[in-house]
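Visitor: Each chain, letter by letter, is given below.
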Amino acid sequence: MKSGIAILTVVALASVPMWLRDPYLMNALITTGIFIIGAMSLNLLLGFTGQLSLGHIAFFGIGAYVSALTSLGFDVGLPFGIRIIHTPWPPIAGFVLAIIVAGLCGYLVGLLSFRVRGAYFVIVTISFAEVVRLVALNWVELTQGPLALTNIPSMTVGLPGLGDLTLRTKLQNYYLVLAVAVVTYLLISRLVRSHFGRAMRGLMENETLAVSVGIDVTKTLTLAAVISAGIAGAAGSLYAHYIRIIDPEVFAFINTVTMVIMVITGGKGSLAGPVVGGMIFGLLPVFLRPIMAPEAQWIAYGGVLIAILFVLPRGIVPSLAQRFAKRPIRTEKPAPVAFERDAKEHA
Amino acid sequence: MASPATALKVEKVAVHFGGLVALSDMNFTVGEGEIVSLIGPNGAGKTTAFNVVTGFLHPTRGAVSYRGTALNGLKPHQIADLGLARTFQRTSVFPNDTVYDNLLIGLHRQGRVNLLEAILGLPRAGSSERRLRERASELIEWVGLERRAHDLAGSLSYGEQRLVGVALALAAEPTMLLLDEPVSGMNASETHTFVQLVRGIRDRGVTILLVEHDMPMVMSVSDRIVVLNYGRIIAEGPPEVIRNDPAVIEAYLGQGAARA
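Chains as they are written, first to last, in this note's numbering: chain F, 1 to 347; chain G, 1 to 260.
Hints are computed from structural coordinates only; laboratory data are not their basis.
It is possible that some hints are incorrect.
[Claimed, not checked] Facing chain F, a subset of chain G residues (Cβ under 10 Å, in silico):
{"id": "1", "residue": "GLY55"}
{"id": "2", "residue": "PHE88"}
{"id": "3", "residue": "LEU104"}
{"id": "4", "residue": "ILE105"}
{"id": "5", "residue": "ILE119"}
{"id": "6", "residue": "GLN196"}
{"id": "7", "residue": "ARG199"}
Positions of the beta carbon are idealized from the N, C-alpha and C atoms, including for glycine.
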């Protein structure tokens, strides 16, 4: 039944451009789609390992900048008289590099913070995002700083037998984002159902026990961070080639918060959660704009967030799934066991 | 009885928590295929000894080795790789998963398929997954939890959660199993069944080290008993010897009873 809903959703989304002609709404759908991909990547960490990355936008922004710079080319001086001159490559190469570089950054952040975890990971990720933002702002020679990188070329994809296709229109970009989102969804669903997904779940539920059955904590969490960051980087690349201009504001904290809200309202730890939450908070501005001032909109988001979590405390998807399932999928009742005490106990 | 080859060797182990001496100079061995129990009053250092052996605590002094490999400085998952598996006093399950899924998590070490194969759904990943599922069902049957297989582990009784814990430890296909107070919270008939289970596990060639308070259970199941008090070993030997050892009676029943 679940895969039936998923297929229906994809078909419905694929049909949207056939009846929707409004370019403003199309634009909203595309950017929402890109943010949903980001939210799905955040959910992999927050929902399936329990680690909150409050600097997740850093990986997104790094993906955007890497992809933009790869396709624009740059000429930058480094200390000791080294100059790096890069001639423009096709945007698709930028897309691949965005995933690799963002994933690498995820690896470094994971390696630094997963030895201690919890609050430390949150702090390291926030700091990381801020440092990256400052670099983007001040390394003017490379990033143009606040002047922004402009004229970023549109994404080009090579189609077999048809040559290269440059995706300039909203219609083309819509399908590109939809395709990447579907691939991301499938990737994450395969991942969490694999033995690796079970290792992540075990760690989140009972770390002491997970360790004792042979699960390597640091390796598992770092790998999750790498994949999550890589996907966020891919979303950033799509963003750069669609909007075609990026500045350091892409690293703003509010963007991370938006993704966190999408994941929490939709339901962390559920595959469809970020999609549902993303749709709501991505499209809410569209409907609120005609009737509210921007300041009032922010208050309205807060109200909607509180209302949803009040009625469906575990997020929309898990709460509804539980309501419709014959037996509860996961009880919220705390298990009658005390965690983390055995290992530290002094006999 | 000819003494079997040594499996686990604990030599001159001391553990200090700041000024508190939890263990001072502990020495004992466990032979291959033996069932050895570690007993002692509350605070005697049993769980500390247990945590040292399983790598959750590092000893201040001394050495632990398993089949000749030193365990000092190894991480818990590395110790698990050597074939040592343990259960926990309280945290014995993954509460939000079904018993069956608990076992699949526990079979982590057996799933030697790489991540890419799993994501792409290659045939090798599929057949490995099928094997894991069969193995999970076997383990559930072994500990007698077939009827609870699809219930959330967190919803089981304490006794049943212990059994899940044992099944999880067995999932790693250990050559030695360490059980930390496995029958606390079990009623008499559950305890009896558990003793049968422990014997059955040993009969499959698994060495067992047990920490337990329940004296009748310890006396009935153990080949040998090590008695701890105040971080020291005060007696060691087969159940019939320990039962009559004055030092043990004193530690358990108080000086008055010992003199009487």
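Visitor: Does each hint hold? Answer for all of them.
Guide: Hints and how they fare:
1. GLY55: holds, 9 Å
2. PHE88: Nearest chain F Cβ about 5 Å off; hint holds.
3. LEU104: holds, 6 Å
4. ILE105: At 4 Å from the nearest chain F Cβ, G:ILE105 passes the 10 Å test, so the hint holds.
5. ILE119: holds, 5 Å
6. GLN196: This interface hint is violated because 24 Å lies over the 10 Å limit.
7. ARG199: This hint is violated: G:ARG199 lies away from chain F, its Cβ roughly 23 Å from the closest one there, beyond 10 Å.
Violated hints for the displayed structure, listed by number in ascending order: 6 and 7.
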